[in-house]
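Protein chains in written order, with my numbering: chain L, 0 to 225; chain B, 191 to 389.
These aren't lab readings, by the way, just hints derived from the structure by calculation.
By construction, the Cβ of each residue, glycine as well, lies at the ideal position given by its N, Cα and C atoms.
Among the hints, a few may not be true.
Unchecked claim - With a cut-off of at most 25 Å between alpha-carbon atoms, the simulated SDA-like pairs for lysine to any residue come out as follows:
no., chain 1, residue 1, chain 2, residue 2
1, L, 60, B, 350
2, L, 195, B, 351
3, L, 14, B, 359
4, L, 60, B, 293
5, B, 360, L, 144
6, B, 226, B, 346
7, L, 192, B, 350
8, L, 60, B, 368
9, L, 88, B, 264
10, L, 192, B, 261
11, L, 96, B, 275
12, L, 88, B, 320
13, B, 360, L, 126
14, L, 61, B, 267
15, L, 88, B, 380
16, B, 360, L, 189
17, L, 96, B, 252
18, B, 286, B, 267
19, B, 360, L, 88
20, B, 293, B, 320
21, L, 121, L, 5
22, L, 121, B, 300
23, L, 60, B, 261
24, L, 96, B, 251
To be verified - Just a few of them, taken from the derived set where beta-carbon distance is under 10 Å, the chain B residues facing chain L:
no., residue
25, 213
26, 275
27, 283
28, 341
29, 384
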Amino acid sequence: MKKSKLQILTNGIIKENPVLVLVLGTCPTLAISTQAINGIGMGACVLVVLTCSNIIISALKKIIPDTVRIPCYITVIATFVTIVQLVLKAYAPALDKALGVYIPLIVVNCIILGRAEAFANKNSVVDSALDGIGMGLGYTLTATVMACIRELIGSGTLFGATITANLFSPFTILIMAPGGFFVFGCLIALVNKLTKGKVKEKRVNKCLTCPGAEFCNEVQEGGCDK
Amino acid sequence: MSLTAAFYIVLSAIITNNYVLSKFLGICPFLGVSKKLDNAMGMSVAVIIVMVVATAVTWPIQTYLLDPNGIGYMQTIVFILVIAALVQMIEIFLKKYIPALHKALGIYLPLITTNCAVLGVCVLNIDNEYNFLQSILNSFGSGVGFTVAMFLFAGVRSKIETNDYPEAFKGIASTLVAASITSLCFLGFSGMLEKIFGM
Chain L
0 MKKSKLQILT
10 NGIIKENPVL
20 VLVLGTCPTL
30 AISTQAINGI
40 GMGACVLVVL
50 TCSNIIISAL
60 KKIIPDTVRI
70 PCYITVIATF
80 VTIVQLVLKA
90 YAPALDKALG
100 VYIPLIVVNC
110 IILGRAEAFA
120 NKNSVVDSAL
130 DGIGMGLGYT
140 LTATVMACIR
150 ELIGSGTLFG
160 ATITANLFSP
170 FTILIMAPGG
180 FFVFGCLIAL
190 VNKLTKGKVK
200 EKRVNKCLTC
210 PGAEFCNEVQ
220 EGGCDK
Chain B
191 MSLTAAFYIV
201 LSAIITNNYV
211 LSKFLGICPF
221 LGVSKKLDNA
231 MGMSVAVIIV
241 MVVATAVTWP
251 IQTYLLDPNG
261 IGYMQTIVFI
271 LVIAALVQMI
281 EIFLKKYIPA
291 LHKALGIYLP
301 LITTNCAVLG
311 VCVLNIDNEY
321 NFLQSILNSF
331 GSGVGFTVAM
341 FLFAGVRSKI
351 ETNDYPEAFK
361 GIASTLVAAS
371 ITSLCFLGFS
381 GMLEKIFGM
C-alpha cells in the first residue's frame, strides 16, 4: 500500500519517531540536551542535513553503483554537514560553540545514514524530502522535549529564563551525564507505557541496538532473529 | 612532554573524561554489543586499534596538508573518508597476514566506521590542539576508556537481566537507566586526577 504524502511527513514525527521509537542517533541527543535552545539548534542542523542528503541521494539513486553506495552516502552527508558547520560558525557562533564536536559528528549519526539506506534510495525525490523533514521534525521535537525536562529540573531555567527560583533548588545531576541516560530511559519507558508495548515490536529487538543496523537489509524484513 | 603529563592525558581519557559515560560518544556499540562479554572484548580491541591508527593518520593530514593550504574546513569530509578507507585496509591486512585475529575482530571492523567515538577522538585531538604524541596517547586512553566502560557495563547488564522490573522499562529503557547508574559511578572520579597530578 502506497503511503500518502501526509503520512510520509507525519510518520517520522510520531509513529516512527527516530529517537524514541527507532532509538537512532542516541549520542548527540544525550550530549546536547542540557539546554532547550541547544535541542532546537541541533534539531535544526539534523533537519537540514537529513532533508538535503535525502534529496540528493534519492536523485542519484540510479547513478550510484550498489557496491560503493555507503561511501557515496557518507560523502554526500559530510558535504552538507560541512556546509551547516560553516554557516553556524558565521551566523550563530554561540550555538556552534555549545554544540561543539557534535556538529561534525552528524556525519556518523545513524538517523541520516539509516534514512538514506532505508528510504531515500528506494523512493522518489519528493517523498524522500518529505521523509527527511518529518524525521528531522521528530528528532527536533524529541531533543527539545528532553532538553526542556533536563534544563527545567537540572538548572531551574527554560530557554535561559529562570522559572523555579523559589520552588526547589535544581538537581544539577540532571544536566550532567548520568541525568542524560536517566531522562532518556524514562522517556522511552513512558512511550512504552503509552503505546502499551506496541512500539516494541517495531524496534526489531536485536537490530535496534545493533551498530550495523543501518547496513543491514534484514532490518527492513523484520530483523535477523525472525 | 613529561611523563606525568603523559599519564595525565591517558588516565583522564580513561577515567574522568570517559568517552562513553561522560562525553556520550560511541553509545550505539556500548548499548548494542555489551550483552555478552566475548563480543564486548572483540569490539573494544578493534576500537582501540582503529582509534590509534586513525589518529596517527588524521593528525598529520590536518597539520601538514589541510591547515597549511587553508582548507581546514574540509576536516569532516576528509576525516570520515580516511577513517572509512583505513578500516577497510586494516581489515584486508588482517585477513591476509593475521587470519586468527581477523576471525575474532572481523565482524566488528566494518561497524566501527560509523562509531562516532572514532571520528570524535580525531576531531577532538585537533580541537584541543594536542601535538602528535599527545594525540596518540589521548586516542589510546580513549580506546581503553571505551573498553573499561564496555566491560563494567556488560557485568551490570548480566545482573539486571535476571531481575524483575516494571513492564514499561523492559528492553532499552532499563539498559539506559543502568547506564545512568554506571555513569554516576564515574562521576565520582571527577577532579581526582587534577588533585593527584596538581594540574
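Each hint, compared with the structure:
no., hint, result
1, L:60 - B:350, "violated, 44 Å"
2, L:195 - B:351, "holds, 21 Å"
3, L:14 - B:359, "holds, 19 Å"
4, L:60 - B:293, "violated, 34 Å"
5, B:360 - L:144, "holds, 22 Å"
6, B:226 - B:346, "holds, 11 Å"
7, L:192 - B:350, "holds, 20 Å"
8, L:60 - B:368, "violated, 41 Å"
9, L:88 - B:264, "holds, 14 Å"
10, L:192 - B:261, "violated, 50 Å"
11, L:96 - B:275, "violated, 30 Å"
12, L:88 - B:320, "holds, 22 Å"
13, B:360 - L:126, "violated, 34 Å"
14, L:61 - B:267, "holds, 23 Å"
15, L:88 - B:380, "violated, 31 Å"
16, B:360 - L:189, "holds, 11 Å"
17, L:96 - B:252, "holds, 20 Å"
18, B:286 - B:267, "violated, 29 Å"
19, B:360 - L:88, "violated, 42 Å"
20, B:293 - B:320, "violated, 35 Å"
21, L:121 - L:5, "holds, 18 Å"
22, L:121 - B:300, "holds, 23 Å"
23, L:60 - B:261, "violated, 30 Å"
24, L:96 - B:251, "holds, 24 Å"
25, 213, "holds, 7 Å"
26, 275, "holds, 8 Å"
27, 283, "violated, 19 Å"
28, 341, "violated, 17 Å"
29, 384, "violated, 17 Å"
Checked against the numbered hints above, the structure violates hints 1, 4, 8, 10, 11, 13, 15, 18, 19, 20, 23, 27, 28, 29; every other hint is satisfied.
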